[in-house]
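Enquirer: Single-letter residue listing:
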Amino acid sequence: MFKRPFSGPDIKRLILGMAYTTFNRNEFDTFAQPMFFGEHVNVARYDQQKHKIFESLIEKQLSFFWRPEEVDLTSDRKDFVDLPDHEKHIFISNFKYQTLLDSVQGRSPNVALLPVVSLPELETWIETWSFSETIHSRSYTHIVRNIVPNPAAIFDDITKNEYITRRAESVTKYYDSFIFLCNYYIQLGEGTHTVNGETIEVSLHELKRRMYVMMVSVNVLEAIRFYVSFACSFAFAERAKMEGNAKIIKMIARDEALHLTGTQHILQIMARGKDDPEFAIIAQECRQDVIDIFTEAAEQEKEWAAYLFKDGSMIGLNKDILCQYVEFITNQRIGALGFDPIFATKNNPLPWINAWLNSDNVQVAPQEAEISSYLVGAIDSEVDTNDFGDFDL
Amino acid sequence: MPSPRKAPRLGRRRWGKAKTFHSTAQTELDLPEGQGSSSQIELDLLLPPILVKRSADEPAPIQGELLLPEFQGETPEPTPQIEFEGMQKPIFDIILEDGRQARFQHAHTLLESLESQDIEVHYQCREGYCGSCRTQLLEGDVHYLEEPMAWIDDDEILPCCCIPKSALRIKLQ
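For the protein sequence lines, the chains are A and B, in the order given. Heads up, the first sequence is in my numbering, so the first residue is 1 and it goes up one at a time. Heads up, the second sequence is in my numbering, so the first residue is 1 and it goes up one at a time.
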């Protein structure tokens with residue numbers, strides 16, 4: 001006899017564990033749900049929000065919308081041809097690295113987090129976040145088309161070049177390890193399972209631990225790895241070379257700053273056990289892992305700096321300065337998560353980078369020159385009696 | 001005939017806005033004579049005095065060029081707020097943990113004030129979403145001009161989008 005697989009929430013759970021459903025028909029209290037591993041989301045509604053920061057992030061990200069084609073790169077082609085060989089190596093390697101990072105970020109948050117997310121505003125933030133990374137990837141194709149006759153040579157090398165692939169492994173291993181276990185969890189639920197003769201142990205605690213560590217590694221990717229590559233791009237522009245490229249990177253940097261804020265919020269909500277006390281315990285357990293991930297990433301970025309400048313430095317940037325910048329930015333970012341600095345470096349060795357990272361002093365398009373976050377119709381016209389509260393005559 | 005420049009929105013003017021004046025500075029040079037003198041005065045009143053106007057022979061800013069305004073955050077407003085008797089002016093001392101001192105009086109944000117008094121603060125977005133300027137607040141109280149989006153601890157502030165409500169003691173990162 002034919003049995004309906006979804007004849008009720010209890011049967012569904014019994015038969016299929018926590019099987020993913022695209023529209024959860026259970027009734028539940030949204031405010032009682034944690035960020036992840038609660039009820040699957042159903043109505044994409046934003047009238048009630050548990051963490052309204054994610055809604056703010058979505059709105060900000062949407063106001064940042066830009067397209068790579070807006071940026072004219074004709075002068076970059078000439079600049080690139082004129083660069084000495086060792087600077088071409090720096091530019092192209094840096095470019096490949098950025099392409100790798102955004103390729104990962106354009107899909108991984110969706111693949112890893114969406115199956116277990118439990119809040120609609122967070123779900124939409126993850127989608128908006130990933131989407132903006134795909135714009136970054138598209139902009140790399142736009143850049144490479146404009147500066148070299150054969151883009152395939154550069155893109156093909158990303159999977160072959162040993163320096164790049166070594167970095168790809170460290171960038172993706174935490175994602176992959178979480179996704180591996182999460183797939184079993186979604187299909188089979190918690191417990192010890194035998195799949196194709198292999199024993200798989202699925203526990204929610206281990207899954208949450210992998211998720212926390214993964215979020216930390218995403219934070220490292222967005223907060224340290226990206227910034228090292230930004231420094232290289234801006235160092236060219238500081239000498240009035242490859243300025244179109246720098247302008248695109250400015251847009252990317254603006255988006256990444258927002259994504260970084262997003263991951264920091266997720267990590268802090270987890271660490272404080274605000275909606276899932278188990279994550280607070282895990283955050284305590286993983287304190288050393290966090291320090292290790294940051295330290296390891298900083299070391300890898302330093303190795304990368306050595307590879308970039310192997311044939312010679314460029315004016316304004318060399319291996320030592322970039323390594324100091326890695327240390328500085330690592331201290332800054334781990335500080336934002338409430339940890340002590342790892343390195344002794346206290347001052348920013350590249351003070352000019354602030355001006356480049358600030359997106360407000362670049363012209364986007366003439367009609368948008370006035371303000372970079374071109375928020376259409378966003379006028380705060382609300383006047384409350386409280387606004388005159390401290391006003392005396 | 002070029003359209004007359006919009007008056008800057010007072011009170012909400014921010015650091016990044018200044019670039020508009022670079023790109024539109026041409027307008028007033030093109031004004032016909034006779035009209036020029038009266039509207040010139042009017043425009044000068046509206047313009048913050050800190051901006052450097054681009055001369056006619058100077059090339060227009062190219063795409064991607066950094067348009068850093070020569071901004072001095074603590075320059076008094078050309079049209080200051082009307083003073084009321086019995087109402088305190090919002091002037092506050094800021095003491096840094098390392099002994100340096102500053103005074104907030106005219107700037108639009110705490111960050112602008114510190115920068116104009118040669119106190120370097122790390123920054124990126126200058127509107128509260130990146131968290132680069134995160135600073136520890138040891139004493140005092142601040143008011144946020146816009147809600148900060150970056151994650152900050154309870155004892156931390158984002159100088160880029162706040163002004164002091166009292167004398168402050170802060171510790172830079």
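Any given hint could turn out to be false.
[Said to hold, decoys possible] Label-pair ranges, simulated between beta-carbon atoms:
(1) B:143 / A:183: 16 to 22 Å
(2) A:32 / B:146: 50 to 56 Å
(3) B:155 / A:393: 33 to 39 Å
(4) A:277 / B:91: 45 to 51 Å
(5) A:29 / B:76: 53 to 59 Å
(6) A:183 / B:139: 35 to 41 Å
(7) B:99 / A:158: 49 to 55 Å
(8) A:165 / B:155: 42 to 48 Å
(9) A:62 / B:91: 35 to 41 Å
Rather than coming from a laboratory, the hints here were simulated on the basis of the structure. Note that the coordinates shown come from a computational prediction; the quantities given were computed from them, not determined experimentally. Where a beta carbon is used, it is the ideal one built from N, C-alpha and C, also for glycine.
Enquirer: All the hints need checking, so say for each whether the structure fits it.
Expert: Here's how the hints hold up against the structure:
1. A C-beta distance of roughly 49 Å is found between residue 143 of chain B and residue 183 of chain A, which places it outside the suggested range of 16 to 22 Å.
2. For residue 32 of chain A paired with residue 146 of chain B, a C-beta distance near 31 Å fails the hint of 50 to 56 Å.
3. Between residue 155 of chain B and residue 393 of chain A, the C-beta spacing of about 36 Å keeps the proposed range 33 to 39 Å intact.
4. Take residue 277 of chain A and residue 91 of chain B: their Cβ atoms lie about 46 Å apart, and the range 45 to 51 Å holds.
5. Checked against the hint of 53 to 59 Å, the C-beta distance between residue 29 of chain A and residue 76 of chain B comes to roughly 54 Å, which is consistent with it.
6. Our hint of 35 to 41 Å for residue 183 of chain A and residue 139 of chain B is violated, since their Cβ atoms are close to 52 Å apart.
7. Distance hint for residue 99 of chain B and residue 158 of chain A: a CB-CB separation of about 50 Å, consistent with the stated range 49 to 55 Å.
8. The hinted window of 42 to 48 Å between residue 165 of chain A and residue 155 of chain B holds, with their beta carbons roughly 43 Å apart.
9. The beta-carbon spacing between residue 62 of chain A and residue 91 of chain B, approximately 39 Å, falls within the hinted interval of 35 to 41 Å.
The structure fails to meet hints 1, 2 and 6 from the earlier list, while all remaining hints are met.
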